[in-house]
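Colleague: Please work from the sequences and hints to get the whole structure.
Quick mapping for you: the protein sequence lines, in order, are chains F and X. With the first letter of the first sequence counted as 1, position 311 gets the number 311 in my numbering; the numbers rise by one all the way through. With the first letter of the second sequence counted as 1, position 279 gets the number 279 in my numbering; the numbers rise by one all the way through.
Among the hints, erroneous ones may be present.
[Unchecked claim] Using 20 Å as the maximum straight-line C-alpha spacing, the simulated SDA-like pairs for lysine to any residue come out as follows:
hint, chain 1, residue 1, chain 2, residue 2
1, X, K242, F, E145
2, X, K121, F, L122
3, F, K133, X, K116
4, X, K137, F, L238
5, F, K133, X, K115
6, X, K137, F, E252
7, F, K8, X, E155
8, X, K116, F, G91
9, X, K121, F, P240
10, X, K142, F, S166
11, X, K232, F, S123
12, X, K121, F, P119
13, X, K115, F, G241
14, F, K329, F, L167
15, F, K130, X, F125
16, F, K77, X, P229
17, F, K276, F, F346
18, X, K232, F, L122
19, F, K133, X, K87
20, F, K103, X, E155
21, X, K121, F, E125
22, X, K115, F, L238
23, X, K115, F, S244
24, F, K130, X, E230
25, X, K232, F, M127
26, F, K130, X, S117
27, X, K87, F, P240
28, X, K87, F, S123
29, F, K149, X, P229
30, X, K101, F, L164
31, F, K85, X, E230
[Claimed, not checked] Derived CB-CB ranges, DEER-like:
hint, chain 1, residue 1, chain 2, residue 2, range
32, X, L291, F, D126, 28 to 38 Å
33, F, E163, X, N127, 21 to 31 Å
34, F, S123, X, K28, 41 to 51 Å
Because the hints were derived from the structure by calculation, they are not lab data. Note that CB positions come from ideal geometry on N, CA and C, so glycine has one too.
The chain contents come next:
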Amino acid sequence: MNSKELIKELCETTAVTGHEANIVPLLKSAFEDYVDDFQIDKLGNFAAVKKGSSNKEDPPKILLAAHMDEIGLMVKKIDENGFIKFSTVGGIDPRTLPGQKVKVHGKESITGIIGAMPPHLLSAEDMDSKAYKLDELYVDTGYSEEELKQIISIGDVISMDRELLSLHNDYVSGKALDDRAGVLMMIEAAKELQRLNHEIDVYFVATVQEEIGIKGAITSTYDIFPDLGIAIDVCHGLMPGVNSSEASKMNEGPTIALGPQVHQDIFALLKDEASKRSIPYQIETNNSPFGTDAAGMQIARSGVATALISIPLRYMHTSVELISLNDVKYGAQLLASSIAAIDDEFLEGLRCY
Amino acid sequence: MLLEKLINATGISSREKEIRDLIREEIKDNVDEIYTDKMGNLIACKGKEKDGQKVMLAAHMDEVGLMITEITSDGLLKFQSVGGIDKRVLVSKPVLVGEDKMAGVIGAKAIHLQKKSERDKPIDFDNLYIDIGVNSKKEAEKYVELGDVAVFSSEYEELGNGRVIGKAFDDRVGCSIIAELTEYDFDMPVYYVFTVQEEVGLRGAGVAAFDIAPDIALVLEGTTAADVPENKEHRYSTSVGKGPALTLMDRTVIADKNILTGLIEVAEDNGIDYQFRRTDVGGNDAGAISLSREGVPSAVISLPCRYIHSPLSLIDLDDYSKMSRLVKLYLERLARKGI
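Modeller: Quick look at the structure:
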């Protein structure tokens, strides 16, 4: 499967925050040729483990983390006419929802569309100035209340129904690229590592529940307790109306973050490897440690040296998120060659301030 | 199924070719004559030489869409709407651009980057654009020209309970029913007319009606259903699943009383559910046809559609077959005893 086919499968598989188990079989089949072992922890984090060449009894470990959960909706109420009111799981702009096709995951998965009051019943002024609010929206499935209640219940999750679209220049657009693009980067890095020698054991972790507060990164890092960790996520891609200080260019390489969550030695390693191998990259500046799995990894147990690589992505948390697969490919090369460059000396240096 | 083909095909106002070709191919063997006029209306007729009143059945082929009006330096496509589109349904939707149906998406600034004041307001056309995945204006120009059009990218799909979703039910339902009616013979001259440019101001229908000079016109439409939560029952305009809707009056026409009475009698005699369209908002080809030459008695029969003029609207297939049956039985009555 090439990366375009794989990202399509990854994005079109449903794994709303808290309900990620559905995507694990796909991850197993994507990783199985490149790794030695799989493990799944109590919260549902999935780890693919590739042993390094170190012959130590307790070999060093690096943890790579990309979250497998996606934002979604949850059934709150089924009204007497069969319309479903919902709440959000993760940060969703209600303005992006009207006219959206969704799947409601009950005893079976059924299709619906998100509706709202028709515009001809609103004043021209309201139409122009008032955005749809979450409590004005609902899912319309065509079923009556009685029929619906046979299939779905309050608390069932609702996912966006969107096929991944292939645009020009290896750009793709769809739902859940945040952070299946990161998962793809890990899979491609595992593949790259086949032809490199690395001493360190590599744990490729697809984390759960990032979108509601990096829950999975906290427990998986505690469990594996690596010597160092790199989170792989998406960052805002430049687009009109967005300040260039808070977004990165599209298709000009992954970003290497510098901020309170980043250990400077790993930052330097990533940057040096990128320069040495002529891999395009950009620097992303963060004034806060939060926002990605790196924040949770950094303070696990007695602390983990952490870094963050991101893929520029436009229209974050919509159903038409857009990335360049080139940025993923370069990120995977950067990860693989950086992992291969890690030796004892580097690991010892992580404590030396 | 013809309806499904018509829904998945695209044709915004003045670019109705794909729809016209599809319908022509579908009905050409059923009719005596089939031709197009200077505007692109597709006109078919049967029984031209027969006695009886000359009937014009009309439905519009065009759908609402977008036209590319500017390419930004980043290679993003700015657009304006062709026909009435609520800008609030555009965000976060895929579209098909140009004749080659190139994939594009209409994005929005991430919620993380919005100020609180921005979240309460709809995103204006000024801040919406289509992203086709190019890096510069120069690169975009390889694929797109100003004036190219874009349509919603969504497919016909069946939901539960005989409900189906898709784009452009307004007015491919009318086109589909009229096309299916060409299979029958009525004992009078019947013109089956598929009009252009309804969505930009009822432009095609008047021209076609002038040419045909019918004695009576029936317009088949898709109309708004507002039977949704947080709306009051008296403001429903129409309801999905309660049969075809008859227009009393709208912004463009007052339905002919005799036709309306005939339609109601046929519905009642045959146990066909029907409803009245309970709003005077909106208008359709009947407005133009009824004013053609010295005037044409006209009526409108509509299929209720929820979320009309959006990427996905919803109809009930039962309503569709009831509407089709009502029109057919009314035509038989018309042939039998006139208006």
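Colleague: Take the hints in turn and mark each one as holding or not.
Modeller: Each hint, compared with the structure:
Between X/K242 and F/E145 the alpha-carbon distance is near 17 Å, which keeps this suggested pair within the 20 Å criterion. About 15 Å separates the Cα atoms of X/K121 and F/L122, which keeps this hinted pair within 20 Å; it holds. Of the supplied pair hints, the one linking F/K133 and X/K116 holds, its CA atoms being roughly 13 Å apart against a limit of 20 Å. A C-alpha spacing of about 15 Å is found between X/K137 and F/L238, which places the hinted pair at or below 20 Å, so the restraint holds.
A distance of roughly 16 Å separates the Cα atoms of F/K133 and X/K115; the hinted pair therefore holds under the 20 Å criterion. At roughly 17 Å between alpha-carbon atoms, X/K137 and F/E252 fall within 20 Å of each other, so this suggested pair holds. Restraint check for F/K8 and X/E155: the C-alpha separation of about 18 Å stays at or below 20 Å, so the hint holds. Restraint check for X/K116 and F/G91: the C-alpha separation of about 14 Å stays at or below 20 Å, so the hint holds.
A distance of roughly 18 Å separates the Cα atoms of X/K121 and F/P240; the hinted pair therefore holds under the 20 Å criterion. Proximity of X/K142 to F/S166 is assessed by CA-CA distance (about 17 Å); at most 20 Å being required, the pair is judged to hold. For the suggested pair X/K232 and F/S123, the alpha carbons sit about 16 Å apart, so the restraint of at most 20 Å is met. The suggested pairing of X/K121 with F/P119 holds, with an alpha-carbon distance near 15 Å, which does not exceed 20 Å.
Proximity of X/K115 to F/G241 is assessed by CA-CA distance (about 12 Å); at most 20 Å being required, the pair is judged to hold. Distance restraint check for F/K329 and F/L167: the Cα-Cα separation of roughly 17 Å lies within the 20 Å cut-off, and the hinted pair is therefore satisfied. Between F/K130 and X/F125 the CA atoms are separated by roughly 14 Å; this keeps the pair inside 20 Å, and the hint holds. Taking the CA atoms of F/K77 and X/P229, the gap is near 12 Å; set against the 20 Å cutoff, the hint holds.
With a C-alpha separation of about 17 Å, the suggested pairing of F/K276 with F/F346 holds against the 20 Å cut-off. Between X/K232 and F/L122 the alpha-carbon distance is near 13 Å, which keeps this suggested pair within the 20 Å criterion. For the hint linking F/K133 to X/K87, the alpha-carbon distance of about 15 Å falls within 20 Å, and the restraint holds. In summary, the hint linking F/K103 to X/E155 is supported, as the alpha carbons are separated by about 15 Å, within the 20 Å threshold.
At most 20 Å may separate the alpha-carbon atoms for a hinted pair to count; X/K121 and F/E125 meet this at roughly 11 Å. Between X/K115 and F/L238 the alpha-carbon distance is near 17 Å, which keeps this suggested pair within the 20 Å criterion. Taking the CA atoms of X/K115 and F/S244, the gap is near 16 Å; set against the 20 Å cutoff, the hint holds. Only pairs whose Cα atoms come within 20 Å are accepted, and F/K130 paired with X/E230 is accepted, the gap being roughly 16 Å.
At roughly 18 Å between alpha-carbon atoms, X/K232 and F/M127 fall within 20 Å of each other, so this suggested pair holds. Restraint check for F/K130 and X/S117: satisfied, since their Cα atoms lie roughly 11 Å apart, inside the 20 Å limit. Straight-line distance between C-alpha atoms of X/K87 and F/P240 comes to about 18 Å, which keeps the hinted pair within the 20 Å bound. Between X/K87 and F/S123 the CA atoms are separated by roughly 14 Å; this keeps the pair inside 20 Å, and the hint holds.
Taken as a hint, the F/K149 and X/P229 pair is honoured in the structure, with Cα atoms around 18 Å apart against an allowance of 20 Å. Between X/K101 and F/L164 the CA atoms are separated by roughly 16 Å; this keeps the pair inside 20 Å, and the hint holds. Distance check on the hinted pair: F/K85 and X/E230 sit about 11 Å apart at the alpha-carbon level, within 20 Å; holds. At about 33 Å, the CB distance of X/L291 to F/D126 agrees with the hint of 28 to 38 Å.
Between F/E163 and X/N127 the beta carbon distance is about 26 Å. The supplied range of 21 to 31 Å therefore holds. Our hint of 41 to 51 Å for F/S123 and X/K28 holds, since their Cβ atoms are close to 47 Å apart.
Comparing the model with each numbered hint stated earlier shows that all of them hold.
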